[in-house]
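S.K.: Chains V and F, in that order, give the protein sequences.
Read in order, the letters of the first sequence are residues 2 to 339 in this note's numbering.
Read in order, the letters of the second sequence are residues 888 to 1351 in this note's numbering.
Derived by calculation from the structure, the hints in this document are not laboratory data.
Keep in mind that a hint or two might mislead.
[Claimed, not checked] Chain V residues, not near chain F, derived (Cβ > 10 Å throughout):
1) A190
2) I208
3) D292
[Unchecked claim] Here are a few chain F residues that sit away from chain V, every Cβ distance over 12 Å (derived from the structure):
4) D987
5) E1191
6) A1289
7) G1316
[Claimed, not checked] Here are a few chain V residues that face chain F, going by a calculated C-beta distance under 8 Å:
8) Y294
9) E302
10) R305
We put the CB at the ideal spot given by N, CA and C, even for glycine.
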Amino acid sequence: MQPTGRVKENPGMEPERGAPPAEHNIAMWGPPGSGKTTFLAALTIAMNRRQDGWKVVGANGPSTDALIKLTASLATQRRFPAATRGTERYRWYLIGAARERRRSLLRRRAPEDVRIGLDLLDPSGELFNQEHSGYAGAHGELIDNLVNSRGIVFLFDPVREFEDGDAFDYLHGVLSQLAHRMLDSPEFAGGRLPHYLAVCVTKFDEIRVLETAEKLRLVTSDVADPLGFPKVEPEDAQELFRTLCEVSATGNAEMVHNTLAQYFRPERVRYFVTSAIGFYVDPLIGAYDRDDYQNLLPEAESSRAVRIRGTVHPINVVEPLLWLGQSLAADRRGRSAR
Amino acid sequence: MSEPDEVRKAAAGAVADLTERNALLVADLAAEGLVLWDLRRDAAGTPRGRSRPVLPWDELLNGPVPPARALERAVQTDGPARLLLVNTFPDGPHNASALDALRRARPDATALTCDLRLGDLLAEVIADTPLNRWYDLVTLQRNDDGRLELACRLLFPTGARRGEKAPVAVECEAADERGTVFAVVASAQERRYTLVTRRTMRVPPGRYTVTAELGGPGRVRFRGLPAEPVPDDRTWAELIGAIPARLPPPVTAAHLVCAIEVSGPPERVAERLARADQTIAHAAAELRDRLRVSLLAYGPHAFERRAVDAPVEIRLWAGTADEALDELENLAGTTHPGYPHAAALECVLAEVAARLDPPEPGARTAVLAVGGRPAFPPRVHPSEILPCPVRHDWAAAVDVLADRPGTALGAIHDRPEYASDVWLRLSDGAPADLAAVDVQRLGASLGLAPAAAQRLPFPLAGSP
Ligand SMILES: Nc1nc2c(ncn2[C@@H]2O[C@H](COP(=O)(O)OP(=O)(O)O)[C@@H](O)[C@H]2O)c(=O)[nH]1
Ligand SMILES: [Mg+2]
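Based on the provided sequences and hints, a complete structural model is requested.
M.R.: Next up, the structure:
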């Protein structure tokens, strides 16, 4: 098996000619089925609801098309994106109206947009299973992707872990290879990767996840939230993540937590409890109902397929990306100031 | 030559004197030979006559034994017996001389000559014999505490004769498939009963005034029953053994509330409707106009945007069984689409609990659910089934129904091994299997029909 070169021909991921380069790159990563595509589909909706000027745009034609399709699927058709076939490659920009950095009485400079590149490389489950022991194909591409970014969104799906418990296998394979590739890098100091890592516990809207959080007494609700959604405070998210790891089907997920601690610098890791679709909101009540919050609707008696029941209210979908963006920006300012 | 009446009188006198031990031998000197009739009373005091095979004249008169000796031997009896000699073929070549020979051998015998059919005459004489016992109908009596006892109803006193009639009031409760036994017993002074005759008939439950008609000793007919006779090979001991210790209080009125799930594959729905049909028909056969039936059809809730959520339809409330059976036919072919993993049984139970009138003493209510899917939970549930939109709680509704006096709950489930908690609660942990419902048992467990162990082999003594 040949290690793939650092610079790859990778048309799907390349920004279109003429597009300004991103200041930072964030890679999205997680086992198949952990909710990556849905997470991205929810991003536009989430940004829309925030009304703080952030938006998502595609970096190239196929990514723009995909963005439109994914958003429409989730918001209008209330369907989850179709399971990935083959390998999906998206490159998007998160563009935010930045705070004005410098004020001058004489020269009024237009404020510069903040631009964060967001890469998703999403191999389907079968491809992953065939390849995850080597560098080949999409898997090698994924490692490249991670090597080239300094921010990672790692999606951890507790529901999948309850049933399959394969997150550790996946994580361990990828991280070993990533570490291997970065051995020579000066940034690889103290045996830890230089990346900022947003660990996102997905599917907070599901009973088993919310109930686990409730049992741990980690659920609060924000009086300022008009929907009254349950919430796990950022400082408690890690505890929920660790507990969810402990109840995984194989018991291996316990090692997920340790592995992350082993490879990343603790101050560069943050935990988020997220949901792409959010809790169900009854249009008549207009708020969260603790007796009836499931936002999934089974499709048919004989299949496991589900649909989205009500309106999509993404939870903590933008926050991890903004945290990564801000952290990377601060990092760069720090470095250039030195 | 004597008159037939003289023969009749002689025979009647001799039959009247019959006892269990003192027999009567009637010798018929007929054309073909000597026909002998043995008559004696059986344990019930009924005179019984049997004829022996003919002894041809040729054998008697031309055999190795001298004729007089042969004739004498033919009329010998083991025990004490009177002898009646009747020459019924006076013109026969051997008859007169044979009669003479027999008279010589048995001077105690009554001898007559008359051309008649002796068998018919004897049968008539027996039928005309007055009873020498009391005849009673076997009935059951319910004590105040519900215990059952055998009690006899006098039909005919001693001395009663053919043609006499006796009205008797009885109450037929549900019997098993072998029907109700109408048994007549005889007793003498000492009140020891002996079975005279019995007839098993399939009689619909109800009160009847039956007319017992005496057809002679050992013969009683019952008129005034809409009944169909059935063969019955149970022994007396088995019949007595089948009498339950006590009888549950009588059902004065019954209300069967049947809720049928109309979701899922059409052939499954059709099967559920067929079972409901059987159950209703069975209850109606037991209870007739004492039965009211309500019919609810239900499916899943609808969670789609703008979908109308009306999962429960009351198709009939407290109607007749016939109306219910018609309505079941109308239901054929309906299925409710909607949420695929549950059906609104919780709404059915809440609706029924709210709709039932206050219980009345003696009135039974049976709530039967026929379906397969679990109910919707009242709130978020580990099964991940969405909560009932109106937040009905099946457990609370079942509690209300279970506490209601005179109310029984039951369930027929598509696949009992997969039955969810609501189905188990409704059926004491064991729903009937849709594929193999024992309607009789189900009816009994719903209190709509007596259980097998509560079926009465005999009628209850009714008040006239
Ligand atoms: N309850 C819930 N389920 C989700 C959510 N996001 C994704 N899913 C489920 O997870 C499945 C896989 O998601 P997908 O985005 O295709 O995963 P990917 O393979 O990582 O891209 C979807 O089909 C949904 O059934 C969420 O926010 N909440
Ligand atoms: Mg995907």
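S.K.: Please verify that hint: V/R305, Cβ, nearest Cβ of chain F, below 8 Å or not.
M.R.: violated (11 Å)
S.K.: Beyond 12 Å from every Cβ of chain V: is that where the Cβ of F/G1316 lies?
M.R.: holds (26 Å)
S.K.: Does F/D987 sit more than 12 Å from chain V, CB to CB?
M.R.: F/D987 is indeed farther than 12 Å from all Cβ atoms of chain V, at 101 Å.
S.K.: With chain F as the partner, please determine if V/E302 meets the hint condition of a C-beta pair closer than 8 Å.
M.R.: holds (4 Å)
S.K.: Does the claim that V/A190 lies off the interface hold, with its Cβ farther than 10 Å from every Cβ of chain F?
M.R.: Nearest chain F Cβ is 46 Å from V/A190, so the label holds.
S.K.: Regarding the assertion that V/I208 does not contact chain F, is the least Cβ-Cβ distance greater than 10 Å?
M.R.: V/I208 not clear of chain F: closest Cβ-Cβ about 6 Å, inside 10 Å.
S.K.: Would you check whether the claim that V/D292 is not at the interface survives, using Cβ distances to chain F and the 10 Å cut-off?
M.R.: violated (4 Å)
S.K.: For the restraint on V/Y294, tell me whether the closest CB of chain F is nearer than 8 Å.
M.R.: Holds: closest Cβ of chain F sits about 6 Å from V/Y294, inside 8 Å.
S.K.: The output says F/E1191 does not contact chain V. Does that hold with a beta carbon cutoff of 12 Å?
M.R.: violated (8 Å)
S.K.: Classify the label on F/A1289 as holds or violated, using whether its beta-carbon is more than 12 Å from each beta-carbon of chain V.
M.R.: holds (25 Å)
Hints 2, 3, 5, 10 from the earlier list are contradicted by this structure; the remaining hints agree with it.
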